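**Student:** Here is how the chains run, residue by residue.
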Amino acid sequence: MIDFLQTHLPALIEGLRVTLQLTVGGAVVALLLAVAAGLGRRSRHRWLRWPANVYVETFRGTSALVQLFWFYFALPFFGVSLPALVTGVLVLGLNSGAYGAEVVRSAINNVPRGQWEAGRALNLDERKVLFRVILPQALPMMLPPAGNLLIELLKNTALVSLITLSELTFTAQVQRAATLDTVPLFALTLLIYFFVAQILVAGMRRLERAVTRHRGGAA
Amino acid sequence: MIWSWDYTFEVLPEILAAFIVTLEATLAGFALAAVLGLAWATARMSPVSWLARGASGIVEFVRSTPLLIQLYFLYYVLPDYGIALSPLVTGILALGLHYSCYTAEVYRAGIEAVPRGQWEAARALNLPTGTTWLRIVLPQAVKPTLPMLGNYLIAMFKDTPLLAAITVMEMLQTAKLTGAVSFRYLEPLTITGVVFLVVSLIASYAVRYLETRHAIRR
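So the sequence lines, in the order shown, correspond to chains C and F. Reminder that position 139 of the first sequence reads as 139 in the numbering used here, one-by-one numbering, no gaps. Reminder that position 111 of the second sequence reads as 1111 in the numbering used here, one-by-one numbering, no gaps.
So here's chain F without its partners, still in its complex pose:
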């Protein structure tokens, strides 16, 4: 038999421990993407044209180039400017930046779906622009986007193995190194795949639940 259960149980605890790092990277990266994406989305709708065009350009560029090179870029370039971050923090920055350009699109769709009358009502009540955004538009815009944001959270989770390329000891890197020690890659890599599969299947069910709940409320 090719598969060794003894070896499986030997490496399982190490890989599961590394899952914590994967989870940290996902959650911290997504927190950044959620906030930064909102900044891009509002900047793109700004009446100041250089701001709107600049934000659109950046979002378009980041979205159509590979995350891996963006990761290398931050990893090698930031230290040159005296910014010494740990590989994990660098990875979180890159993930957050990359996915903020996807969440920006999601927010934009959400903001555009807010009826014009809401803006007009806010203006009629003489609310300042900041208050209109924070108290009127965004609360209505963000909620319907939650399932889409959930999908990007799952996508980001599945992109965390890229951090292995800048030496972060997340699940894949741990699996590869344990495999290299014993010359047996089959079990550690399969376990890693299964963990990803189980977590993202559960997460997609959660997102689907969010979608149906929202649909019923409408």
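Looking at chain C on its own, in the form it has when it is part of the complex:
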């Protein structure tokens, strides 16, 4: 047991570091894109709505792994060659961002119309209504589905192993090939993912509580 951990744990932790980089990097890209595209799909301007629609439908409609392969193997034909880590962060962010855009959009749609009208009646300009009245009310509705997306993002980081980045799954594969400790090694790897997922879930719960407390508990 100790022997097994001594052989594998250092390498797996090194892999986990890359997995966490992918998760955090992907989440940041996804957050920016989700807000931009979520608002864009609601815009009055066709030149904002259209690109946002195409982005969301394309990335939700195709497979994450196909997107990853496309950016890694096909994009170089346009003269753009990105390293595996950058490709991973970018594609994971683009993919989750498209799902996140729908979360943002539906949360905003669920804020009662009267809130927009009240904001306008108070002579607030459009942007102030959005950022000071609507989004603060939409935020608590966004957090639970955003938490689910974060777990999906973490799970999707495993796909990046298939474009040869040594994150956790890739490392587990390499260690397996070297030692053939298949069952305990994969079991340990699954446990690490499970553990990280539980931490993310707990973190999102805290965030949800913080946001609702700030609003005086009224949902």
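Hints are not guaranteed to be accurate.
[As the list claims (entries may be wrong)] Subject to a maximum C-alpha distance of 20 angstroms in a straight line, what follows is the list of computed SDA-like cross-link-like pairs (lysine to any residue):
1) C:128 with C:196
2) C:128 with C:116
3) F:1176 with C:202
4) C:128 with C:111
5) F:1176 with C:36
6) F:1176 with C:164
7) F:1143 with F:1010
8) F:1176 with C:81
[To be verified] Which stretches of chain C does chain F cover? Using the computed rule of at least three CB atoms under 8 angstroms from a CB of chain F, they are:
9) 62-72
10) 164-173
11) 189-201
[Said to hold, decoys possible] Selected chain F positions facing chain C (in silico; Cβ < 10 angstroms):
12) 1002
13) 1003
14) 1061
15) 1064
16) 1070
17) 1076
18) 1111
19) 1115
20) 1162
21) 1169
22) 1187
23) 1188
24) 1192
25) 1196
26) 1199
27) 1208
Just so you know, the hints here were simulated from the structure itself, not pulled from any lab data. Note that this is a predicted model, so its numbers are computed, not measured. Think of the CB as a built atom: it goes at the ideal place given N, C-alpha and C, for glycine as much as any other residue.
For this one, chain C is given, so just place chain F on it according to the hints.
**Tutor:** Using the frame of chain C, we list chain F on its own:
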């Protein structure tokens, strides 16, 4: 011009042929997920506490770990126990198992939405537990969940390229191999993406239709 139409038409038939494998994996995997998910959902509601807690634990664990490693796990471990399955069957098992943990949640919501009075009425009529589940509760519980199940069917369809990692010749693996032969990945990978996009757009419209039809009936 970067894009070559000649090459596109050369590789198109191969990729479309591989679409059959993708479709097989999706449908067989989903059939498994639909049945197994129901088993998880009923086990979680069982009065036997170790059964309920065990099922919850398994569902939670499988849902929060990557499908890819589950796939490797089955692929490398099953042969050690003398179970030699083809990569496609292994892939179908992994997909079915993974998504059964999502369908379990869907069924659970459906079962909880069945009014308590239905249970009580069944008990008043002295129906045995099995009959109550099969004839009273499940028929009412499953129908409203169809759109959600449809969404997971689409999600599973989009996860089938993962089977490429265990050498199944589905669409993505075929695209990658044809690309490797000619050193041109652009066309095969783009075609694969477009096929996924077209099929899942059509499927999402079908699910939305299912949703509105159900909403009207209520």
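**Student:** Taking a Cβ-Cβ distance under 8 angstroms as contact, does the region 62-72 of chain C have three or more residues in contact with chain F?
**Tutor:** This one holds; 8 residues, not fewer than the three required, reach chain F with a Cβ under 8 angstroms.
**Student:** For the pair supplied as a hint, residue 1176 (chain F) and residue 36 (chain C), confirm whether the alpha-carbon distance does not exceed 20 angstroms.
**Tutor:** violated (33 angstroms)
**Student:** Mind checking the CB of residue 1162 (chain F) against every CB in chain C and telling me if the closest is under 10 angstroms?
**Tutor:** holds (6 angstroms)
**Student:** Does residue 1192 (chain F) meet its interface restraint, that is, does its C-beta lie within less than 10 angstroms of any C-beta in chain C?
**Tutor:** Interface hint status for residue 1192 (chain F): holds (6 angstroms vs cutoff 10 angstroms).
**Student:** Taken at face value, is the distance from the CA of residue 196 (chain C) to the CA of residue 128 (chain C) at most 20 angstroms?
**Tutor:** Not OK: residue 128 (chain C) and residue 196 (chain C) at ~38 angstroms, beyond 20 angstroms, violated.
**Student:** Do at least three Cβ atoms from the region 189-201 of chain C come closer than 8 angstroms to Cβ atoms of chain F?
**Tutor:** holds (count 7)
**Student:** Holds or violated: residue 1176 (chain F) with residue 81 (chain C), Cα cutoff 20 angstroms?
**Tutor:** holds (17 angstroms)
**Student:** Going straight from one Cα to the other, do residue 1176 (chain F) and residue 164 (chain C) come out at no more than 20 angstroms?
**Tutor:** holds (15 angstroms)
**Student:** May I ask you to test the interface hint for residue 1070 (chain F) with respect to chain C, counting a Cβ-Cβ separation under 10 angstroms as satisfied?
**Tutor:** Because about 8 angstroms separates residue 1070 (chain F) from the closest Cβ in chain C, which is inside the 10 angstroms limit, the hint holds.
**Student:** Let me know if the C-beta of residue 1196 (chain F) comes in closer than 10 angstroms to any C-beta of chain C, holds or violated.
**Tutor:** holds (4 angstroms)
**Student:** Take the C-alpha atoms of residue 1143 (chain F) and residue 1010 (chain F), compute the straight-line distance between them, and say whether it is at most 20 angstroms.
**Tutor:** Violated, because 44 angstroms separates the two Cα atoms, which is more than 20 angstroms.
**Student:** May I ask you to test the interface hint for residue 1199 (chain F) with respect to chain C, counting a Cβ-Cβ separation under 10 angstroms as satisfied?
**Tutor:** holds (9 angstroms)
The structure does not agree with the numbered hints 1, 3, 5, 7, 18, 19, 21, 27 stated previously, though it agrees with the rest.
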